[in-house]
Amino acid sequence: MSNYPPNGPPPPYGYGQQPTPGSVPGYAYVPAPVLMPMQMYPPQPQPQPQPEPVQPPPTYVTNYIYQQTPQPEPYHPPVATVSQSRPVTFPGLREKLEQTLLKVDQCVTKVLRPSVIDWVNVNTATASTYSHRAFVAGKEGWDDSPLWVIRAHYNGDFVPGKFALKSRAAYIPHGGKEVPVQNFEVLLAAPHALRWLPSSHGQVPAGAIPAGNTNQGETLYIARVNHLRSTTPGKVHPSHGCSYISFGGSEIPYKQYEVLCRIVG
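Going by full-length UniProt numbering, the final residue of the sequence shown carries number 265, and the count climbs one at a time with no gaps.
None of these hints come from the bench; they were simulated from the model.
The calculated lysine-lysine pairs, modelled on BS3-like cross-linking and capped at a C-alpha distance of 30 Å, are: (1) 255 to 166; (2) 139 to 255; (3) 177 to 166; (4) 177 to 255; (5) 139 to 166; (6) 139 to 177.
Have a look at the derived ranges for each label pair, beta carbon to beta carbon: (7) 200 to 176: 20 to 26 Å; (8) 100 to 227: 50 to 56 Å; (9) 177 to 200: 22 to 28 Å.
Model, not experiment: these values are computed from the prediction.
Glycine included, every Cβ here is placed at the ideal spot set by N, Cα and C.
The task is simple: from the sequences and hints, build the whole structure.
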């Protein structure tokens with residue numbers, strides 16, 4: 001049995017060189033692969049990267065001392081305390097406050113509530129424009145048309161009288177006669193602010209409204225009486241001890257009458 005491999009003996013030294021021309025070709029040797037046993041080891045652990053050490057911030061040494069910005073002190077309002085001593089008083093302060101409040105109240109009243117009583121200058125042609133405000137004191141006996149309170153100047157006297165709205169005629173009682181007038185004053189007033197009170201012999205009750213005067217300075221007041229189915233306004237003449245109305249061309253006296261007064265109290 002030959003010891004040569006199936007493909008012949010191994011090639012001579014210098015395998016790989018080209019054969020000499022004309023020479024007998026030799027054998028070619030192709031080595032078979034050889035498996036060599038190797039010892040297997042477990043994988044080596046890979047070293048873990050070490051974290052970089054944390055470097056502290058650099059420290060700077062200085063001689064300068066930093067001062068904090070001063071903050072304002074918190075405000076604490078004073079606490080009111082009740083003194084056990086006698087209270088401080090101001091003499092006369094209460095009276096001054098009451099007087100001031102009274103003046104304020106009077107001013108407010110004037111602004112918000114007009115005067116209860118007012119007199120306006122008119123004539124027989126313009127008087128009817130105040131029909132919505134004129135104070136109705138009586139009525140005519142023949143048709144119940146309204147009669148207003150008026151006053152007019154005559155011979156130095158300032159005399160209360162009447163105005164007939166329907167006939168547009170005004171009259172005052174004076175010197176025993178019924179005197180017609182063209183220019184006069186009309187009484188304006190709210191009905192609920194005034195009232196009629198009975199009186200006699202030249203007397204007038206509290207709250208009577210002064211409406212005129214004589215040339216001697218005597219005050220005259222507003223009166224009314226029932227006469228021949230009419231209710232007619234006129235004047236109270238205290239020194240004569242009676243009232244007077246104008247009617248039918250004459251000045252007629254009455255001892256018993258009513259007086260127009262403010263509502264007081």
